[in-house]
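Undergrad: Given the sequences, and given the hints that come with them, work out the whole structure.
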Amino acid sequence: MEIKIEHLSYTYNPGTPFEKKALDDISLTIGKGEFIGLVGHTGSGKSTLVQHLNGLLMPTQGSVLVDGEDIAGEGYSLRQLRFRVGVVFQYPEYQLFESDVLKDVSFGPKNQGLSDEEVLARAREAMRSVGLDESYETRSPFELSGGQKRRAAIAGILAMNPQMLVLDEPTAGMDPKGREEVLDLLRQINRERNITIVLVSHSMEDVANYADRVIVIVDGKIRWDDSPSVVFTRIEELEQTGLRAPQVSYLLKDLQDKGWDLDRSAVSIDAAAQEILKALSVPGQQTGGAVEESGKDR
Amino acid sequence: MGREKIIEGSGLSYHYTVYDDEGRPAAKQTALDGVDLQVEKGQFIAILGHNGSGKSTLARHLNALLVPDGGTLYVNGYDTRNDTHVWEVRQSAGMVFQNPDNQIIASVVAEDVGFGPENMGVPTEKIWKRVEQALKMVGMWEERDASPNRLSGGQKQRVAIAGVIAMRPACIVLDEPTAMLDPAGRTEVIRTIRELNEQEKVTIILITHNMEETVYADRILVMDHGKVVMSGNAKEVFSRVEELEHLRLGVPQPALLAWKLKQKGLSLPDGILTMEELAEALEELRKNGQRGAVREL
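Residue numbers (the numbering used here), protein chains in the order written: chain A, 1 to 298; chain B, 299 to 595.
For the record, the hints were derived by calculation from the structure and aren't laboratory data. Be aware that a few hints might be false.
Claimed, not checked - Which residues of chain B face chain A? A few of them, derived with a C-beta cut under 10 Å, are:
1. 351
2. 543
3. 547
4. 559
Claimed, not checked - With a straight-line cut-off of 16 Å between C-alpha atoms, the simulated EDC-like cross-links for lysine to aspartate or glutamate are:
5. 177/A x 543/B
6. 562/B x 270/A
7. 110/A x 98/A
8. 258/A x 581/B
9. 253/A x 578/B
10. 326/B x 143/A
Virtual Cβ for every residue (Gly too), placed ideally from N, Cα, C.
TA: Written as structure tokens, this is what we have:
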């Protein structure tokens, strides 16, 4: 599925003293199978934008086209859209409510009007793909650890077979290992099932490590929309908007300022380590260019 | 050192009771298992541990929300098991929790901060003096007449901290105070905590999942399965990368990158915690022609 947003603006409470323009002329296309990091401060409009992706909000101006169809059009099934675009809100485990995990994960597909067997198959598959084996089926969701609860909540969305998954800070409050597990799970879902992922995050490091594309929203407008290696080398401009780059970007810039011959486009720890090792072992300036080239190929 | 001890815990144990469907106690779950904890006046202690490692249970012992079922805990000299001292204990160890929206009760910032001292029976004119001091310390004096619901998450946490400071506790215990904040809010709160510790000599016990927030602590305790499994300053603790990963934790990004480079054969010094330190160490290597030391490429 492809979502095309054209000149989207959204104003809260129009025509009242509380009127506030949250989105201002946003245009972007989200293609099938992308892994997008959506970045911006609290109040930048990113949550407002996300709510347009499954029709929780409708544009004040402009349009949202899903596979070419305008979601505000007459007769457009928002119900179907919400099955296709799954949204995982912050602290999704607070929304677990059934007496066991299998029932909870089955709730979505059951609502889709599927047969009992189909519901069961979907729920089991979703549980497996988040790493919860059969022994969890009969356990109360409230007995699970924090990380397991969150994975169960994501399974509940996956069971509806969405084509796109939008997650608002899915790792908030988790320990470092739990964060890594959830993010690895998203990468796996993205790669193996070709589900589009839109990850809303405050962690530039997570976005740098997992996303193929970064969209930076500042004051309701798209400020950057490019690969992490392009966006995160603009350290000063990012800081002017109150954001920052991943920590390794600062290191590489510092080294470059000290006269190192290296490519600053590495944004993950591993890529930066490679770049530093390369820079240290390259004798002289002449071969520097070639190394830079091969660095970009990765 | 012989400095005054604010917290003295030895052999602390605590078990949660798990109840069955009929509400009968069915099992015991160990949350704290023989924890020794000594905190001196003016120290900044950070406690790390994965979800479920027991760190919040420990925090709840420090102001007698929970009392140990084994071992002893003295807070500011008061035995927390002795319930005649519960108010002294709570005034000694002020708590700040994760969710900024659950801790503010009044409709005006200054009144919220005054709530604690008023409850303690502090005379009115002294309350206002304390409120002013506390709000100035956390940089929220300008907002004293504001309504808390118009503040950002970081500002609300600073008001919550001011509310604790106004009770003049011997130490402040913060249980993941930045977990629900955005990066700007985190920076504000951590800066406030450091200033309180460095300038006002307030004793700080910070529980967090964010490794970067602990590098300024005098001592870091790492918990696992209700036990303290590591203790030391940031340089010592964060050089143990593999052990920390095993405990479902990580290390700050600069320490991780330094560790990875060392694995590849670079001879970098131990204890690198910031990107500046790493850049300097790398520059040193380059100047000294460390090329030969790179084993793998």
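Undergrad: A separate judgement is required for each hint: does it hold in the structure or not?
TA: Here is what the structure says about each hint:
no. : hint          : result
1   : 351           : holds (8 Å)
2   : 543           : holds (7 Å)
3   : 547           : holds (5 Å)
4   : 559           : holds (6 Å)
5   : 177/A x 543/B : holds (7 Å)
6   : 562/B x 270/A : holds (11 Å)
7   : 110/A x 98/A  : holds (13 Å)
8   : 258/A x 581/B : holds (8 Å)
9   : 253/A x 578/B : holds (13 Å)
10  : 326/B x 143/A : holds (14 Å)
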